[in-house]
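Based on the sequences and whatever the hints tell you, model everything.
Using this note's numbering, the first residue of the sequence shown is number 51, and each one after it goes up by one.
Hints were generated in silico from the structure; no laboratory data involved. Be aware that one or more of the hints could be misleading.
[What the hints assert, rightly or not] Quick list of simulated restraints, FRET-style, between CB atoms:
hint	residue 1	residue 2	range
1	Leu51	Arg167	19 to 29 Å
2	Thr58	Asp169	20 to 30 Å
3	Gln142	Thr173	12 to 22 Å
4	Leu116	Asn164	34 to 44 Å
5	Glu65	Asn193	46 to 56 Å
6	Ile101	Asp148	18 to 28 Å
All C-beta atoms, glycine included, are put in the ideal place defined by N, C-alpha and C.
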Amino acid sequence: LLFNFNLTDPAYRFEALSDSSTRVVREQDPSFYLPRLGLLLHISRRSARQIKPAFTIGASTNGNRLRYYMGGSLLFGRSQRFVVNAGLAGGQVAEVADQYRITDETLGHSNVINAPRSDLPATVPLRDPEPWRVGAFFGVSFNITGGRNQEFLSGIGL
51 LLFNFNLTDP AYRFEALSDS STRVVREQDP SFYLPRLGLL LHISRRSARQ
101 IKPAFTIGAS TNGNRLRYYM GGSLLFGRSQ RFVVNAGLAG GQVAEVADQY
151 RITDETLGHS NVINAPRSDL PATVPLRDPE PWRVGAFFGV SFNITGGRNQ
201 EFLSGIGL
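Here it is in structure tokens:
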């Protein structure tokens, strides 16, 4: 399971302020708290130690977005390895087209578009192509290819 940070796809909407002004409002990404399933490759030196560091690369998807990962890991155990991962994540994100400004009340201004809501498109236009952004990730994984793991997995019915 992988969790991304600072790589959200928020929803955008127009909000009419008056008959002649509108603003773009950014809403929280509804999938922000959902983990992703992905594949990670852990590269480490051979060692008999119970805990060892590793380099990690990988990718994940939520069905419509790819995310790429690079970072470090700690491998716990010898055959049945439990792995904790963290590092950089990258991917494309949804962003409002340049001609529309985003409302950010936390900065103390409200970036108003001087146009009535009826003159604007039905949905907020997004940048095309979508820009690439870098964020962070945290994940936990389990090595299912070890010899003893096959016995464990068959024992639980998988």
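These are the hints, each one checked on the structure:
In this structure the hint that Leu51 and Arg167 lie 19 to 29 Å apart at CB is violated, the actual value being about 41 Å. The hinted range of 20 to 30 Å is satisfied by Thr58 and Asp169, whose Cβ atoms lie roughly 29 Å apart. The hint said 12 to 22 Å for the Cβ distance between Gln142 and Thr173, and at roughly 18 Å that hint holds. One distance hint, 34 to 44 Å for the beta-carbon pair Leu116 and Asn164, holds here, with the actual separation near 38 Å.
The hint said 46 to 56 Å for the Cβ distance between Glu65 and Asn193, and at roughly 49 Å that hint holds. For the pair Ile101 and Asp148, the beta carbons lie near 48 Å from each other, so the given range of 18 to 28 Å is not met.
The structure fails hints 1 and 6 (numbered hints given earlier, in ascending order).
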